[in-house]
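Required output: the full structure, derived from the provided sequences and hints.
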Amino acid sequence: MGGFRKNELAEKRGYTYRLTRRQLLVATSAAALAGCAPGAVTPSASSSVAPGKELKIGLLLPFTGVYAELGNSMRRATELYLKQNDQKLANRHVTPVYADDANVTATGVAATQKFIDQDQVDVMMGVVPTPLAYGIRNAVHAAKLIFIDTNAGGNALTRDTTNCTPSCKSPYIFRASFSSYQISYPIGDYLSAKGTKEWFLAYANYGFGTESAADFTTGITKNGGAVTGKVAPPLSNPDFAPFVTQIKNQPTKNVYSFFSGADAIGFIKSWNSLGLPAAGYKMYGAGFLTEQDVLREVKDLANGAITSLFWAVELENAENKKFVADFQKSYPLLPDVFAVQQYDGMRALDEALKALGGDTSDKDKVVKALEDVTFKSPRGDFTFDKNTHNPIQDIYIREVKTQNGQTVNTISDKIAKVTDPGK
Amino acid sequence: MRPLLRWALVAAAAVALVTFPYWSAPWVSRFATTLVRDALILAMFALSLDLLVGRAGMPSLGHAAFFGAGAYAAGITGQRLGTDQLPVTLGAAALVGALLAVVIGVLVVRSEGIFFLMLTLALAQIVFAIAFQWTALTGGSNGLSGVGRPVLAGIDFSAPDLMYVLVAVTFVLAALVIWGLARSPYGRALSGVRENERRMRALGYDTARLRLSAFVIAGTIAGIAGALSAYSTRFVSAQDAGLANSVRAFVTVLVGGAGTLGGPIVGSALVSLIERVVPSLLPTDLRISEAILGLVFIGFVLFARQGMVGLGRSAYYRVQHR
Amino acid sequence: MSPELVFQQALNGLSFGALLFILASGLSLVFGMMDVVNLAHGAFYMLGAYVALSVVQSTGSFWLAMLAAPLALGLLGFVLEPLLLRRLRGRHLDQVLLTIGVSLVIVDVIGQVWGREVRSLSAPAGLDGSVTLIGGVYPVYRLFVMAFGVALAAAMAVVYRRTRVGMLIRAGVQDAEMLGALGVNTNRLFASTFATGAALAGLAGVIAAPVFGVQPGMDTDPGLLYSLVVVVVGGLGTLSGAVAGSVLVGPADTFGKVLFQDVALAVIFAIVALVLLLKPTGLLGRIRIAR
Numbered sequence: 001m002g003g004f005r006k007n008e009l010a011e012k013r014g015y016t017y018r019l020t021r022r023q024l025l026v027a028t029s030a031a032a033l034a035g036c037a038p039g040a041v042t043p044s045a046s047s048s049v050a051p052g053k054e055l056k057i058g059l060l061l062p063f064t065g066v067y068a069e070l071g072n073s074m075r076r077a078t079e080l081y082l083k084q085n086d087q088k089l090a091n092r093h094v095t096p097v098y099a100d101d102a103n104v105t106a107t108g109v110a111a112t113q114k115f116i117d118q119d120q121v122d123v124m125m126g127v128v129p130t131p132l133a134y135g136i137r138n139a140v141h142a143a144k145l146i147f148i149d150t151n152a153g154g155n156a157l158t159r160d161t162t163n164c165t166p167s168c169k170s171p172y173i174f175r176a177s178f179s180s181y182q183i184s185y186p187i188g189d190y191l192s193a194k195g196t197k198e199w200f201l202a203y204a205n206y207g208f209g210t211e212s213a214a215d216f217t218t219g220i221t222k223n224g225g226a227v228t229g230k231v232a233p234p235l236s237n238p239d240f241a242p243f244v245t246q247i248k249n250q251p252t253k254n255v256y257s258f259f260s261g262a263d264a265i266g267f268i269k270s271w272n273s274l275g276l277p278a279a280g281y282k283m284y285g286a287g288f289l290t291e292q293d294v295l296r297e298v299k300d301l302a303n304g305a306i307t308s309l310f311w312a313v314e315l316e317n318a319e320n321k322k323f324v325a326d327f328q329k330s331y332p333l334l335p336d337v338f339a340v341q342q343y344d345g346m347r348a349l350d351e352a353l354k355a356l357g358g359d360t361s362d363k364d365k366v367v368k369a370l371e372d373v374t375f376k377s378p379r380g381d382f383t384f385d386k387n388t389h390n391p392i393q394d395i396y397i398r399e400v401k402t403q404n405g406q407t408v409n410t411i412s413d414k415i416a417k418v419t420d421p422g423k
Numbered sequence: 001m002r003p004l005l006r007w008a009l010v011a012a013a014a015v016a017l018v019t020f021p022y023w024s025a026p027w028v029s030r031f032a033t034t035l036v037r038d039a040l041i042l043a044m045f046a047l048s049l050d051l052l053v054g055r056a057g058m059p060s061l062g063h064a065a066f067f068g069a070g071a072y073a074a075g076i077t078g079q080r081l082g083t084d085q086l087p088v089t090l091g092a093a094a095l096v097g098a099l100l101a102v103v104i105g106v107l108v109v110r111s112e113g114i115f116f117l118m119l120t121l122a123l124a125q126i127v128f129a130i131a132f133q134w135t136a137l138t139g140g141s142n143g144l145s146g147v148g149r150p151v152l153a154g155i156d157f158s159a160p161d162l163m164y165v166l167v168a169v170t171f172v173l174a175a176l177v178i179w180g181l182a183r184s185p186y187g188r189a190l191s192g193v194r195e196n197e198r199r200m201r202a203l204g205y206d207t208a209r210l211r212l213s214a215f216v217i218a219g220t221i222a223g224i225a226g227a228l229s230a231y232s233t234r235f236v237s238a239q240d241a242g243l244a245n246s247v248r249a250f251v252t253v254l255v256g257g258a259g260t261l262g263g264p265i266v267g268s269a270l271v272s273l274i275e276r277v278v279p280s281l282l283p284t285d286l287r288i289s290e291a292i293l294g295l296v297f298i299g300f301v302l303f304a305r306q307g308m309v310g311l312g313r314s315a316y317y318r319v320q321h322r
Numbered sequence: 001m002s003p004e005l006v007f008q009q010a011l012n013g014l015s016f017g018a019l020l021f022i023l024a025s026g027l028s029l030v031f032g033m034m035d036v037v038n039l040a041h042g043a044f045y046m047l048g049a050y051v052a053l054s055v056v057q058s059t060g061s062f063w064l065a066m067l068a069a070p071l072a073l074g075l076l077g078f079v080l081e082p083l084l085l086r087r088l089r090g091r092h093l094d095q096v097l098l099t100i101g102v103s104l105v106i107v108d109v110i111g112q113v114w115g116r117e118v119r120s121l122s123a124p125a126g127l128d129g130s131v132t133l134i135g136g137v138y139p140v141y142r143l144f145v146m147a148f149g150v151a152l153a154a155a156m157a158v159v160y161r162r163t164r165v166g167m168l169i170r171a172g173v174q175d176a177e178m179l180g181a182l183g184v185n186t187n188r189l190f191a192s193t194f195a196t197g198a199a200l201a202g203l204a205g206v207i208a209a210p211v212f213g214v215q216p217g218m219d220t221d222p223g224l225l226y227s228l229v230v231v232v233v234g235g236l237g238t239l240s241g242a243v244a245g246s247v248l249v250g251p252a253d254t255f256g257k258v259l260f261q262d263v264a265l266a267v268i269f270a271i272v273a274l275v276l277l278l279k280p281t282g283l284l285g286r287i288r289i290a291r
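Chains as they are written, first to last, in this note's numbering: chain Y, 1 to 423; chain Z, 1 to 322; chain X, 1 to 291.
What the hints contain is simulated information worked out from the structure, not anything from laboratory work.
Certain hints may be false.
Chain Z is faced by these chain Y residues, among others (derived, beta-carbon under 10 Å) [claimed, not checked]:
| no. | residue |
| --- | --- |
| 1 | Asn-138 |
| 2 | Tyr-190 |
| 3 | Phe-200 |
| 4 | Pro-234 |
| 5 | Leu-235 |
Remember, it's a predicted structure, so these values are computed and weren't measured experimentally.
Glycine residues also receive a C-beta, built at the ideal position from the N, C-alpha and C atoms.
In structure tokens:
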């Protein structure tokens with residue numbers, strides 16, 4: 001090791017090695033720390049912005065942890081879109097850079113910083129959990145990085161808020177998924193207008209659940225409805241029997257629920273095994289309660305549940321039929337709503353780039369191009385609200401039915417062109 | 001080696017560390033600065049835990065409670081009091097970390113071994129639950145966003161390079177404090193408590209007070225580390241106070257080498273490497289960075305119990321006594 | 001709360017407690033015998049559930065899964081003990097740390113092999129209906145779980161008190177070194193105990209699956225967290241401790257979550273903290289003789 005002075009004690013004793021313990025320690029620590037910066041962190045060649053050059057898209061998705069299924073689904077959608085378009089968006093060849101946030105906010109924030117500083121991506125997409133979206137909002141805005149959120153539905157991400165708390169919109173942030181308002185308020189408005197005024201709420205006690213319950217409540221109170229009570233299990237609750245038992249022991253039969261994934265499965269199974277359908281209780285909810293991942297496991301136990309979402313596998317339009325068929329051909333799986341969100345995000349970017357001739361050098365022009373994008377998506381007509389950058393989309397009222405041996409969400413009604421209020 | 005030379009080397013290393021973004025710029029991207037910054041925060045957090053685990057023999061699995069509390073304190077005082085001043089927000093973080101450590105410490109200090117482990121875990125989970133549910137104060141599950149810029153003596157430290165310097169300087173100061181404590185009679189008394197508490201009591205030491213004071217010092221430093229994390233990411237998540245963060249620090253201490261100064265530092269370098277760099281080197285289908293960490297951990301426990309520092313030492317001795 | 005509601009929630013609490021007992025019994029056994037808190041217990045539980053998934057998928061039989069999962073996990077435990085833990089015999093803290101590493105590896109391997117989707121298991125045919133009780137309809141499976149829990153506890157008590165193996169285990173708990181000096185193959189005894197603990201975790205994975213589900217993260221929540229809570233609250237290392245812990249924690253968690261909804265997350269840990277502060281070695285725990 002060059003640069004170290006003579007070790008006198010060693011010399012006196014006749015040893016030939018010159019390092020002392022402290023030198024070794026310091027050298028090891030420094031080497032270990034500096035070792036964090038091998039080729040893996042040298043900056044990549046700056047991405048050119050001229051048309052025809054490579055377009056780097058950073059995709060921050062969960063590939064491990066409770067949301068891994070969503071991340072994998074969204075990656076499949078990305079790869080399907082690229083495959084269908086020759087690995088290109090407009091005239092730019094695409095290099096996707098994937099990062100796993102593992103549902104740990106700190107990991108996602110660091111990964112975003114890596115996208116900005118190290119990979120120097122042109123566009124960022126993904127982000128499943130809302131806290132992560134809120135956590136990276138400022139970094140993305142400061143770096144003027146175009147970020148297309150393809151899941152996180154926290155209302156604040158596309159709204160004007162006081163003190164930007166818990167978050168607020170940014171010109172560079174677009175959302176290709178939904179705001180939780182859009183899947184909660186319209187169904188509340190719709191059902192209470194049809195005469196159902198008394199409601200009981202059951203929702204997972206975290207940001208998404210409380211927000212959905214609150215927006216639903218606004219929807220029903222608008223038409224003179226009222227909430228008579230609630231149960232709010234913690235997120236990732238193992239045993240739903242106690243909560244469903246509470247529901248069974250109160251008179252209000254119409255229950256609006258917000259659960260997703262494993263919680264939705266547990267809730268629906270308990271709902272059935274405790275005999276709620278026979279006792280006249282009716283299950284309503286935001287769409288995630290009965291999405292593909294849930295229906296695959298509970299099957300006909302969810303029959304009769306009425307939920308609202310901007311898409312369903314059964315949606316009868318040409319785009320959706322083609323999308324579902326193509327997805328099934330590439331993977332032996334039905335697509336889910338998360339795949340649709342990601343697919344639409346890719347499409348929106350594609351359309352914007354086409355309008356720009358592939359030129360991403362002027363961020364403000366890219367923003368404008370994205371704002372002007374409009375196309376037919378598997379969910380129907382897709383366009384961004386110019387004010388909020390949230391999608392303007394139709395919300396479908398769906399009912400779970402078993403047909404042809406499959407349990408699916410069938411469309412029973414539609415609320416057209418729902419926008420998010422923006423504040 | 002002459003003490004003066006040794007000190008000069010350490011000082012040089014510290015200066016190199018603090019000025020890292022500036023001299024490394026030609027070779028690495030700015031992300032390296034972010035990576036090292038986060039590793040230093042973890043190192044500081046692990047150093048404070050090592051005071052408990054390595055020196056005082058108190059295996060705490062709830063140390064993230066102080067980290068999280070400090071992070072929230074820094075963010076919330078900045079927002080509520082409308083101030084950016086570093087002394088105020090960092091002071092609040094240290095104070096909250098200390099106070100919480102007193103409260104929890106008083107409750108846990110008489111337990112030992114697995115019961116101490118479980119009690120610290122349970123109490124930390126209560127802190128996590130409060131952070132997760134008390135939306136009005138902490139932002140709840142959505143986290144606390146918009147943490148202010150740290151300003152000291154008119155300098156805004158939120159620029160990436162300056163933020164790194166702030167973290168690195170604080171880290172060096174904390175390491176000095178812990179090093180000083182370890183070498184002092186106090187530190188030796190702590191080691192005594194770890195080795196044989198009964199004998200220490202027989203010798204007249206108030207072991208409960210010793211352990212409590214260690215707990216509070218560790219909690220304060222962890223709180224400061226948490227504040228630094230809040231300043232660097234401008235965001236506080238409830239997970240910062242969660243079990244996974246406590247386990248992470250624990251693994252870092254053990255892999256690096258408990259009871260040494262270099263251990264938590266080296267451990268945090270390794271853990272950061274495995275967590276942040278390895279996943280991007282693996283093919284996207286192969287998500288096994290946790291398994292790699294687990295195997296590394298198993299390897300250390302089986303073959304290198306004193307951690308990397310221990311490995312380094314035995315390598316040195318083997319070489320020395322050729 | 002009306003009396004019917006209290007009764008129903010009590011049933012919920014007790015059936016939840018029964019599941020917790022089946023889950024925690026293995027952890028308690030291993031600690032009682034070997035002084036090791038097996039922090040991979042949750043990972044074993046998770047692996048048992050995924051093995052059950054595969055078995056049910058290929059054979060359609062839940063009962064076969066109930067045999068296969070404990071067998072598979074027992075085998076794994078029988079291999080792991082001599083491979084890893086035996087090298088650290090006597091170094092209890094190190095053995096605990098080792099199990100942390102083991103759990104990290106097992107969980108990632110499960111994700112790679114079985115995927116990371118959210119899955120579930122249905123109760124077996126015959127047990128998937130509901131019966132009418134006071135206050136309404138109640139799922140048969142939860143009654144089965146309660147009966148199974150009681151039967152398991154009784155069986156374990158019989159083995160422990162009235163069989164040679166049980167005697168060896170009790171002796172080993174008292175003084176393993178002496179037992180070895182008396183000519184008993186303690187290596188085989190420890191390996192078998194660890195294997196049994198793992199098998200019990202695997203069994204819990206199958207039985208709890210229709211209620212708790214099968215998904216990423218289940219190794220910690222509910223797996224390890226609830227196991228630790230039960231054994232620490234009840235008193236580490238004894239069968240009666242595990243029973244006492246489950247009987248307390250099950251209903252307390254159930255009622256606590258429903259009555260104090262906003263702090264539901266904290267309820268279970270508040271229970272732990274409270275018990276440990278009042279009785280530091282758990283409800284039925286004894287002060288262990290230092291070795």
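Consistency of the hints with the structure:
Given the 10 Å rule on beta carbons, the hint for Asn-138 (chain Y) holds: about 6 Å separates it from the nearest Cβ of chain Z. The interface hint given for Tyr-190 (chain Y) is broken, as the beta carbon of that residue sits about 27 Å from the closest beta carbon of chain Z, more than 10 Å. Given the 10 Å rule on beta carbons, the hint for Phe-200 (chain Y) is violated: about 21 Å separates it from the nearest Cβ of chain Z. Given the 10 Å rule on beta carbons, the hint for Pro-234 (chain Y) holds: about 8 Å separates it from the nearest Cβ of chain Z.
Residue-level restraint check for Leu-235 (chain Y) holds (minimum Cβ-Cβ distance to chain Z is 7 Å; threshold 10 Å).
Violated hints for the displayed structure, listed by number in ascending order: 2 and 3.
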